[in-house]
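Number of protein chains: 2
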Amino acid sequence: MSQASTSNQRIVLASRPKGAPTPDNFRFEQINLPDLVDGQILLKTLFLSLDPYMRGRMSDAPSYAAPVEIDGVMTGGAVSRVELSLHPKFQEGDLVVGATGWQSHSISDGRNVMPIPAGLPSPSMALGVLGMPGMTAYMGLMDIGQPKAGETLVVAAASGAVGSVVGQVAKIKGLRVIGVAGGREKCKYVVDELGFDACVDHKSANFAEELAQACDKGIDIYYENVGGKVFDAVVPLLNAKARIPLCGLIASYNDQQAPSGPDRLPQLQRTLLTKRVRIQGFIVFDDYGDRQPEFISAMAPWVRDGKVKFREDVVDGLENAPQAFIGLLEGRNFGKLVVRVAQD
Amino acid sequence: MSQASTSNQRIVLASRPKGAPTPDNFRFEQINLPDLVDGQILLKTLFLSLDPYMRGRMSDAPSYAAPVEIDGVMTGGAVSRVELSLHPKFQEGDLVVGATGWQSHSISDGRNVMPIPAGLPSPSMALGVLGMPGMTAYMGLMDIGQPKAGETLVVAAASGAVGSVVGQVAKIKGLRVIGVAGGREKCKYVVDELGFDACVDHKSANFAEELAQACDKGIDIYYENVGGKVFDAVVPLLNAKARIPLCGLIASYNDQQAPSGPDRLPQLQRTLLTKRVRIQGFIVFDDYGDRQPEFISAMAPWVRDGKVKFREDVVDGLENAPQAFIGLLEGRNFGKLVVRVAQD
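In order, the protein sequences belong to chains B and H.
Residue 92 in full-length UniProt numbering sits at position 92 of the first sequence; the count goes up by one each step and never skips.
Residue 149 in full-length UniProt numbering sits at position 149 of the second sequence; the count goes up by one each step and never skips.
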């Protein structure tokens with residue numbers, strides 16, 4: 001069997017960013033794929049997920065995962081369809097999800113992909129509310145956050161893939177939920193559509209005061225996926241025994257060196273001590289990979305029954321992925337950002 | 001019944017310190033105690049405990065406990081003997097421990113004291129290895145530290161009341177234990193007498209490098225009771241899924257404002273995320289008060305069998321408490337600091 005005619009479009013890392021990524025850091029390429037051998041499948045990418053963690057993979061600073069090599073295909077999760085199969089467990093037409101990267105096609109031995117959950121209205125949901133971002137939201141909230149009815153939770157990037165799920169699950173658990181988002185339109189969506197109790201605009205000149213007003217009983221859980229000034233405004237409002245699950249720091253991903261002073265570390269340490277606060281970082285598949293069935297069985301009914309709503313921001317065309325990703329780091333997306341790589 | 005002749009010597013807070021406390025912040029007084037009424041006991045202080053947390057009580061910044069009022073008696077734990085009793089549960093001669101303050105005598109309704117554990121070689125041990133510092137060491141290590149045999153633990157102030165117990169319990173649990181202490185004499189004691197695997201002198205010009213060499217497999221638990229430069233040297237050495245129980249920050253207790261930059265907070269946040277670290281502050285009696293029986297039943301046999309050793313630094317005379325406390329904040333004590341207020 002031969003697919004010498006299968007042309008693959010892909011985006012590789014051309015150079016490592018200094019600070020915020022620019023289009024120059026990416027290169028669009030077209031190559032021909034080699035022939036399949038026994039045990040392999042040919043995948044056609046339908047939807048590519050764009051997520052903040054990818055910024056870390058573009059750098060070679062020490063991190064929890066190896067960086068993308070220069071000239072290597074950008075890493076990323078995607079939903080694909082099996083086009084050809086020489087693997088006994090896969091059939092042509094199967095829909096799978098896995099870390100197949102920023103490209104139109106890929107060849108897999110089946111170990112980096114798995115079937116998408118059954119019954120999804122759109123297969124792209126396997127990249128969002130029922131995929132990595134949804135599971136990040138659920139596990140961090142439930143395992144580290146330990147939510148209790150009547151408590152107050154704050155989550156930033158509240159209209160985004162993780163924050164929107166954190167807040168809606170916390171509402172289901174009986175908490176008072178305050179979102180933080182950028183701009184009036186996102187805040188309105190968070191309250192009117194997602195059902196948060198309030199949402200504070202971090203672009204407001206009086207952001208810290210407005211957050212304090214919204215949290216009149218203090219903060220018991222701060223789900224941290226942003227860092228930066230939201231964190232600063234949250235710290236003075238923390239209640240005794242507050243919990244801070246930490247899954248992302250998008251506000252500082254582009255920083256190249258420690259910001260100038262004052263040094264805020266001693267103040268944080270004092271707050272952790274006097275308020276007896278727990279803060280804990282986690283990487284969802286490393287720390288909770290074995291609990292995916294628990295996550296799916298909790299989340300799938302909520303999504304089906306409309307208790308957890310989910311918004312996608314769909315960009316068409318692989319060639320537009322770099323610009324969309326740059327916008328993601330600036331908060332320009334509205335909802336879970338995915339790239340439609342193929343129409344069918 | 002009257003004790004009009006009972007003269008009480010006491011040390012009150014004369015003024016709030018700006019930065020490090022000075023002798024001017026304290027005032028020695030002598031007053032006559034009022035008569036006992038039914039339900040009260042008259043206590044004679046034998047040993048007063050001096051502990052770093054008292055620095056926090058001298059300030060009126062928001063904290064987990066109310067500050068000492070100006071002209072109020074300095075708060076502190078002490079071992080006392082019942083001199084007179086109009087309370088059915090106490091008899092003259094009973095030895096009790098409780099927060100009776102920096103004074104030679106006190107009147108109690110019995111609610112702020114309890115009997116000292118039976119069979120202590122010296123009653124002052126109820127202020128140390130079998131008291132608040134020992135329980136702070138034990139609960140933070142066991143509940144937040146979650147020690148596992150073969151892991152590496154680092155603890156600062158390793159010859160002190162808390163650090164010495166943390167390290168010895170960790171050795172009992174099969175960990176590799178690295179202490180940090182100030183000066184050659186303390187380091188020698190920590191290794192030769194307490195049985196730590198190594199001890200690094202934080203006064204060394206190459207402290208960070210020497211700590212890294214001693215922790216050749218990284219750090220799984222950092223028991224934080226100091227803050228400052230020890231914390232800075234520890235952060236780059238943390239292993240994935242490290243735990244940091246946080247019970248004190250003596251290095252910054254005298255700070256009046258945030259130190260100048262660089263701002264180290266973003267780097268700490270990144271480490272928490274990429275290494276999936278848990279850091280958690282705690283206040284021993286608030287968080288673990290109900291687990292005191294578990295602590296005593298574990299620690300008492302270790303102390304009796306010599307598996308946990310304990311050193312006291314005894315200062316004679318209540319009038320010397322202020323100077324001894326100022327020295328404690330500078331690390332001038334060697335072992336658990338107590339003041340012998342009365343000879344019998």
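Don't take each hint at face value.
Note that identical chains are pooled: a pair holds if it fits in a single copy or bridges any two copies.
What the hints assert, rightly or not - Here are the simulated DSSO-like cross-link-like pairs (lysine-lysine), alpha carbons at most 27 Å apart as the crow flies: (1) K275 - K241; (2) K18 - K217; (3) K148 - K241; (4) K188 - K307.
In case anyone wonders, no lab produced these hints; they're calculated from the structure.
Computed from a predicted structure; not experimentally measured.
**Asked** Hint by hint, which ones does this structure get wrong, listed from lowest number up?
**Response** 2
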